[in-house]
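Novice: Sequence:
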Amino acid sequence: IVEICPEVIELGPVNASIHKLDEHISLAELEQLPRIYLETLRALLP
Numbered sequence: 031i032v033e034i035c036p037e038v039i040e041l042g043p044v045n046a047s048i049h050k051l052d053e054h055i056s057l058a059e060l061e062q063l064p065r066i067y068l069e070t071l072r073a074l075l076p
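If you're matching positions, the sequence shown starts at 31 in the working numbering and goes up one per residue.
By construction, these hints were calculated from the structure, which means they are not laboratory data. All C-beta atoms in this analysis are idealised placements derived from N, C-alpha and C, irrespective of residue type, glycine included. Incorrect hints may appear among the rest.
[Stated by the list, open to error] FRET-style restraints, in silico, Cβ to Cβ:
1. Thr70 <-> His49: 15 to 23 Å
2. Leu57 <-> Glu37: 31 to 39 Å
3. Leu60 <-> Ile39: 27 to 35 Å
4. Ala46 <-> Pro76: 31 to 39 Å
5. Ala73 <-> Asn45: 19 to 27 Å
6. Leu57 <-> Glu33: 28 to 36 Å
[To be verified] List of simulated lysine to any residue pairs, SDA-like, C-alpha gap at most 25 Å:
7. Lys50 <-> Gln62
8. Lys50 <-> Leu60
9. Lys50 <-> Glu33
Throw the hints in and build the complete structure from the sequences for me.
Specialist: As structure tokens, then:
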């Protein structure tokens, strides 16, 4: 994607199962995402 548009931000958990048939993350990781997304949006959209 960066080759097409250098202003792309990828957000989300990273693990060994990402984009696979049984993709999964821990509940602890899932619970952190709303805060991370909100803080990112606040920083990007003053």
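Novice: Does the beta carbon distance between alanine 73 and asparagine 45 stay inside 19 to 27 Å, or does it fall outside?
Specialist: Taking Cβ atoms as reference, alanine 73 and asparagine 45 lie about 25 Å apart, which means the hint holds.
Novice: Taking 31 to 39 Å as the stated bounds, is the beta-carbon spacing between alanine 46 and proline 76 within them?
Specialist: 37 Å, holds
Novice: Please test the hint of 27 to 35 Å on the beta carbon pair from leucine 60 and isoleucine 39.
Specialist: 19 Å, violated
Novice: Quick check on a hinted range of 31 to 39 Å for leucine 57 and glutamate 37, using CB atoms only.
Specialist: 32 Å, holds
Novice: Holds or violated: are the alpha carbons of lysine 50 and glutamine 62 at most 25 Å from each other?
Specialist: 22 Å, holds
Novice: Is 28 to 36 Å respected by the C-beta to C-beta distance linking leucine 57 and glutamate 33?
Specialist: 35 Å, holds
Novice: When you check the alpha-carbon spacing of lysine 50 and leucine 60, does it fall within 25 Å?
Specialist: 17 Å, holds
Novice: Quick one, are lysine 50 and glutamate 33 close enough, alpha carbons at most 25 Å?
Specialist: Measuring from Cα to Cα gives roughly 24 Å; hence the hint holds.
Novice: Do the Cβ positions of threonine 70 and histidine 49 conform to the proposed distance bound of 15 to 23 Å?
Specialist: 21 Å, holds
Violated hint for the displayed structure: number 3, the only one.
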